[in-house]
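> Listed here are the chains, written in short residue letters.
2 protein chains.
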Amino acid sequence: MQNFIFQSPTKFIFGKETEYKVGKEVKRYTNKVLFHYGGGSIKKSGLYDRVVKSLQEEGIEFVELSGVQPNPRLSMVRKGIQICKKEEIFFILAVGGGSVIDSAKAIAAGMCYAGDVWDLFEGKAKLSQALPIGVILTLPATGSEASNSTVITNEEGWYKKGYHSDLIRPKFAIMNPELTFTLPSYQTASGVSDIMAHVMERYFTNEPNVDFTDRLCEATLKCMIKNLPIALKNPKDYAARAEIMWAGTIAHNGLLGTGRVEDWASHKIEHELSAIYDVTHGAGLAVIFPAWMKYVYKNNIGKFAQFAVRVWDIEPDFDDLEGTILKAIQKTKNFFQQCGCPTTLKELNIPEDRLEEMSEKCTQKGPIGGLVKLYKEDVLNIYHLAQ
Amino acid sequence: MQNFIFQSPTKFIFGKETEYKVGKEVKRYTNKVLFHYGGGSIKKSGLYDRVVKSLQEEGIEFVELSGVQPNPRLSMVRKGIQICKKEEIFFILAVGGGSVIDSAKAIAAGMCYAGDVWDLFEGKAKLSQALPIGVILTLPATGSEASNSTVITNEEGWYKKGYHSDLIRPKFAIMNPELTFTLPSYQTASGVSDIMAHVMERYFTNEPNVDFTDRLCEATLKCMIKNLPIALKNPKDYAARAEIMWAGTIAHNGLLGTGRVEDWASHKIEHELSAIYDVTHGAGLAVIFPAWMKYVYKNNIGKFAQFAVRVWDIEPDFDDLEGTILKAIQKTKNFFQQCGCPTTLKELNIPEDRLEEMSEKCTQKGPIGGLVKLYKEDVLNIYHLAQ
Numbered sequence: 001m002q003n004f005i006f007q008s009p010t011k012f013i014f015g016k017e018t019e020y021k022v023g024k025e026v027k028r029y030t031n032k033v034l035f036h037y038g039g040g041s042i043k044k045s046g047l048y049d050r051v052v053k054s055l056q057e058e059g060i061e062f063v064e065l066s067g068v069q070p071n072p073r074l075s076m077v078r079k080g081i082q083i084c085k086k087e088e089i090f091f092i093l094a095v096g097g098g099s100v101i102d103s104a105k106a107i108a109a110g111m112c113y114a115g116d117v118w119d120l121f122e123g124k125a126k127l128s129q130a131l132p133i134g135v136i137l138t139l140p141a142t143g144s145e146a147s148n149s150t151v152i153t154n155e156e157g158w159y160k161k162g163y164h165s166d167l168i169r170p171k172f173a174i175m176n177p178e179l180t181f182t183l184p185s186y187q188t189a190s191g192v193s194d195i196m197a198h199v200m201e202r203y204f205t206n207e208p209n210v211d212f213t214d215r216l217c218e219a220t221l222k223c224m225i226k227n228l229p230i231a232l233k234n235p236k237d238y239a240a241r242a243e244i245m246w247a248g249t250i251a252h253n254g255l256l257g258t259g260r261v262e263d264w265a266s267h268k269i270e271h272e273l274s275a276i277y278d279v280t281h282g283a284g285l286a287v288i289f290p291a292w293m294k295y296v297y298k299n300n301i302g303k304f305a306q307f308a309v310r311v312w313d314i315e316p317d318f319d320d321l322e323g324t325i326l327k328a329i330q331k332t333k334n335f336f337q338q339c340g341c342p343t344t345l346k347e348l349n350i351p352e353d354r355l356e357e358m359s360e361k362c363t364q365k366g367p368i369g370g371l372v373k374l375y376k377e378d379v380l381n382i383y384h385l386a387q
Numbered sequence: 001m002q003n004f005i006f007q008s009p010t011k012f013i014f015g016k017e018t019e020y021k022v023g024k025e026v027k028r029y030t031n032k033v034l035f036h037y038g039g040g041s042i043k044k045s046g047l048y049d050r051v052v053k054s055l056q057e058e059g060i061e062f063v064e065l066s067g068v069q070p071n072p073r074l075s076m077v078r079k080g081i082q083i084c085k086k087e088e089i090f091f092i093l094a095v096g097g098g099s100v101i102d103s104a105k106a107i108a109a110g111m112c113y114a115g116d117v118w119d120l121f122e123g124k125a126k127l128s129q130a131l132p133i134g135v136i137l138t139l140p141a142t143g144s145e146a147s148n149s150t151v152i153t154n155e156e157g158w159y160k161k162g163y164h165s166d167l168i169r170p171k172f173a174i175m176n177p178e179l180t181f182t183l184p185s186y187q188t189a190s191g192v193s194d195i196m197a198h199v200m201e202r203y204f205t206n207e208p209n210v211d212f213t214d215r216l217c218e219a220t221l222k223c224m225i226k227n228l229p230i231a232l233k234n235p236k237d238y239a240a241r242a243e244i245m246w247a248g249t250i251a252h253n254g255l256l257g258t259g260r261v262e263d264w265a266s267h268k269i270e271h272e273l274s275a276i277y278d279v280t281h282g283a284g285l286a287v288i289f290p291a292w293m294k295y296v297y298k299n300n301i302g303k304f305a306q307f308a309v310r311v312w313d314i315e316p317d318f319d320d321l322e323g324t325i326l327k328a329i330q331k332t333k334n335f336f337q338q339c340g341c342p343t344t345l346k347e348l349n350i351p352e353d354r355l356e357e358m359s360e361k362c363t364q365k366g367p368i369g370g371l372v373k374l375y376k377e378d379v380l381n382i383y384h385l386a387q
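Residue numbers (full-length UniProt numbering), protein chains in the order written: chain A, 1 to 387; chain X, 1 to 387.
All clues stand as given, with none of them false.
No distinction is drawn between identical chains; accordingly, a pair holds when it is met within one copy or between any pair of copies.
Straight line, CA to CA, 30 Å or less: simulated DSBU-like cross-link-like pairs of lysine-lysine:
| hint | residue 1 | residue 2 |
| --- | --- | --- |
| 1 | K21 | K126 |
| 2 | K27 | K124 |
| 3 | K222 | K331 |
| 4 | K161 | K346 |
| 5 | K222 | K327 |
| 6 | K236 | K303 |
| 7 | K21 | K124 |
In case anyone wonders, no lab produced these hints; they're calculated from the structure.
Let's have the full structure, built from the sequences with the hints guiding it.
Structure (structure tokens):
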């Protein structure tokens, strides 16, 4: 186990009708917020009205900035910063899924940096502070409600990059599983694919002696495998929705990665897809992760065999551990498939012509991956395996 | 799953040689601390000198208050408050195990209350703030390094009571598993018994639909069952010590109890033991918990069968689930026994004569326990089962 520092200070307010508390929570910080959200879904569901009412009851002024798209854009972040500067707003309230939260985080960081906010994503600058943000989560997937990261797409060149800092962890996250009842199946399944990927990016490590976090990872994966089909069958199953929502947060607040070298190659490989083709991140991960597993499993037979036995309950064949592992990879792929996720690039309508370019972009700063170092050729091979 | 609020803001600084960072961490808050510790063990180990050096390097003044005993005393807390008031100290640095940390928490709370600090433990007063505290942990057991609770023994009448508030969660916890290499076997095993009890107090619930936290609890228990024997066999096994230390924190920072009705009867039943006979808390729990299980398991056959199968890998006998459960209870008891913990009151040299008085005290504010309500008679029966 490696040395680590872990701090997840976010206050989680979880359960039915918790969105009514947003005004009171915001009030602890400010009397004026940027109310940041995506499209019209929060208006359709009535959530918008409930938020407005709760803010008004506490006398909190707000300026709206809506229209955040999936794979949130740099232009929107810049717009948010402009508005906050002009209106003297020092708190961002994000109501939505990971895209809205990531956009809010980027605005919160950009507000505390004199230069252009993209510098932060390019690693050209470090911050000593960021504006506080609060969240009402409507889509369990990215774990952004508790994580220290934001991923933004720069439309000039379609670069998708992450910025990581404990400064941007939300102050509070209001999480009502009922708000996810109306999610389409595809969003639900893609969300869980993303959650499982967050766990697996940490799980597959060569770091020895990580028994506790291994088991926490397995617990989280098993919980998703059990509950996603329930939520798909009955979208209003509160229990299943709640399990997915809470596990989605713990999957990515950093706990499961403590003391470990994490991988993150699959995320980077997927980012290139969704930057160009604007596919749903979790759907892209359902395509990439099994291909990545096939390509790398021989580098750590023990860990992949443990995955097969403990996560998928496969009886290990000690004469053929690779066979055991391949069964687990197939089970992973089948699971995503049965839940309505794509598992090939074809299904995502991604042609072959730009795979080389994407492999190039993905590795332009050097090889990727903690378990195995992957170079351009490797990434291209994984794209081909995923076709 | 029930609605919940969860916040564990403590910064965990985990790993080898992390105690050298204490000066820098304290410096974020203050230039003067109460340096609170127990007996001479931190002097023998050299930890005392390293702490002093680190504080001095950052120019941090300190006043020492040593002598905290196991089952920390109210008189010591009052003394700490006096010193802090006189010396104008507004930060407590606790270096030790749960007793020292609990004592520090009580001082931190008492400093922000005009009346007598015991009022807080009697539920007569509420706080709106407490002094910040920092921790260097030397004994993984109570989880006090991250929890919101402190348990103090009032020598006048030997009452042992807890006070719970998010205000007293430590700001930082420095956790170096190497500091636990010199722990005697009995302390190590009792510590793990306490850790496992913290998990089981949450695990055994009638609350339905708590799949995620059930699995996290099972993960934590399995990790302890695997690693305690390793640490006992080779006290300098860093990996096993690290697993125990980190799991001990997560066992009690509140995460595993989110959304659940918790039990806590066994802790209360044990508190009466250790208040009078000053037994090691974890050792007392190793005696009480299996007895409690035997007494209550019929109230939730499903949950206890799950415990047998998932934690102890017992093949379930569906024609005799009670038999399956009794095997698990026996395995739990055997595990504690094999690790050197007592499992009967006799071994703790506790005579029969005051069991009735303890049962009375334990339930004087009404029945105890979240899984099953236990009255005086029930508690007495459990003491008898534990003989």
